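There are 2 protein chains.
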Amino acid sequence: MRYELYYWPTIQGRGEFVRLALEEAGAPYADVARTRGGEARLLALLRADVARPPFAPPILKSGRLLISQTANILAYLGPRHGLCPADESGRLWTHQLQLTIADLVAEVHDSHHPLAASLYYEDQRREAKKRAADLTAERLPKFLGYFERVLERNPRGRLHLVGARLSYADLSLFQAVAGLCYAFPNAMSRLARKLPRVNALHDAIAGRPRLAAYLVSTRRVPFSEEGIFRHYRELDP
Amino acid sequence: MRYELYYWPTIQGRGEFVRLALEEAGAPYADVARTRGGEARLLALLRADVARPPFAPPILKSGRLLISQTANILAYLGPRHGLCPADESGRLWTHQLQLTIADLVAEVHDSHHPLAASLYYEDQRREAKKRAADLTAERLPKFLGYFERVLERNPRGRLHLVGARLSYADLSLFQAVAGLCYAFPNAMSRLARKLPRVNALHDAIAGRPRLAAYLVSTRRVPFSEEGIFRHYRELDP
Chain V
1 MRYELYYWPT IQGRGEFVRL ALEEAGAPYA DVARTRGGEA RLLALLRADV ARPPFAPPIL
61 KSGRLLISQT ANILAYLGPR HGLCPADESG RLWTHQLQLT IADLVAEVHD SHHPLAASLY
121 YEDQRREAKK RAADLTAERL PKFLGYFERV LERNPRGRLH LVGARLSYAD LSLFQAVAGL
181 CYAFPNAMSR LARKLPRVNA LHDAIAGRPR LAAYLVSTRR VPFSEEGIFR HYRELDP
Chain R
238 MRYELYYWPT IQGRGEFVRL ALEEAGAPYA DVARTRGGEA RLLALLRADV ARPPFAPPIL
298 KSGRLLISQT ANILAYLGPR HGLCPADESG RLWTHQLQLT IADLVAEVHD SHHPLAASLY
358 YEDQRREAKK RAADLTAERL PKFLGYFERV LERNPRGRLH LVGARLSYAD LSLFQAVAGL
418 CYAFPNAMSR LARKLPRVNA LHDAIAGRPR LAAYLVSTRR VPFSEEGIFR HYRELDP
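So the sequence lines, in the order shown, correspond to chains V and R. So the first sequence is numbered by the working numbering: it starts at 1 and just counts up by one. So the second sequence is numbered by the working numbering: it starts at 238 and just counts up by one.
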């Protein structure tokens, strides 16, 4: 069966966490809005009169199922593609980590849009500077330090968050770190000394054959100042 | 088996979504940090050298399982207490709604703390005014209008988000609406005309026997300006 992913075509955004899982799994999927006429199909789906409407992309179509909310999509894909443990306690733990990554990602987004997503960055630059300073000084050490601790305490493997095998939470942490290194290279370089395991996980994921091929392909949308992880020099002194 | 809930004792916060599910289920639980010496036990748990450490409260202890992240706890409790459908598609849909409520709740929190959770409200009042104006003008109509649409399209019952029966998503939407009515009475009153089903769901939940008893009990922490839903007159003109 071929999945259909519906997500904004010009940004990595939250859809990227789903793309990484599908790519690593080698699962056949169409990135619908990036195909010819596909963006109209995404917009039509958002307006469709379905009984269980999605609030926002990403949306995964799997057979007759329409699944939305990034972490929910990953909780669905995980057990199907060996991207999380099969037992309940392992599934809950993986999902818990994913939801914590989602919280981090939301905070990163708000660092350049502290007042309103509907306003331009340029109209909230002064406030973004304050919020980004708090993000890099307080929140990144807290979140990334937490994941460093999780890796340190994992008795079965220090390159994986969950047990001895790859999980979708590893892929998502890779993406968060990659995004943060793009957006805040100076802050991340100052933090590097305290995050040896997080950075080793990032590198190990980037080197996995399927991921490495994906990351240099045209299927990987580049980072940009339209996405969640944006590089503004003034926010990363 | 008796659950143990670990959450900050003086606020409703995110723990309240878990409390509501446990109360409606009639499940035996200890609200640990609200018992004598319990806050020290919460702090000790946050510092404990466990293999799967929680990032933040709420934390649910169920036998040997330690589960964290509000939506994750609810996904665990739901099938055990009849608070969501048993089939996969129904569980995914309920969780999807819960994650959307979680997004709304995070935005409400940031309306009074747009610059940093670590700063006092008083140090970001000017920015809070802008963010709260966007919340009430743009985000609340978008989020609550979405849930109104979900209720409208539910073929099996307009007082429930999922099928014909109560789910934890209903309880969480109740809590979000109750909190918003506390924090933004003027904005919510202006929106009321467009949200007949959302408000009817709120009232129906408040009237359920177990919930009604809980809401007037001392187990329900009152709303306050320490929690997520805060009433500041200047943010709700």
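In short, the hints are calculated from the structure, not lab data. Computed from a predicted structure; not experimentally measured. Don't take every hint at face value.
[Unchecked claim] With a straight-line Cα cutoff of 20 Å, these simulated SDA-like cross-link-like pairs (lysine to any residue) come out:
| # | chain 1 | residue 1 | chain 2 | residue 2 |
| --- | --- | --- | --- | --- |
| 1 | V | K142 | R | V287 |
| 2 | R | K379 | V | W8 |
| 3 | R | K379 | V | A44 |
| 4 | R | K298 | V | S89 |
| 5 | R | K379 | V | K142 |
* **Hinted pair K379 of chain R and A44 of chain V, Cα distance within 20 Å** => holds (18 Å)
* **Given pair status - W8 of chain V, K379 of chain R, alpha carbons within 20 Å** => holds (19 Å)
* Quickly compare the C-alpha distance for K142 of chain V and V287 of chain R to 20 Å and report which way the hint goes. => holds (18 Å)
* 20 Å Cα cutoff - pair K379 of chain R, K142 of chain V -> violated (31 Å)
* Quickly compare the C-alpha distance for K298 of chain R and S89 of chain V to 20 Å and report which way the hint goes. => OK: K298 of chain R and S89 of chain V at ~12 Å, within 20 Å.
Hint 5 from the list above is the single one not met by this structure.
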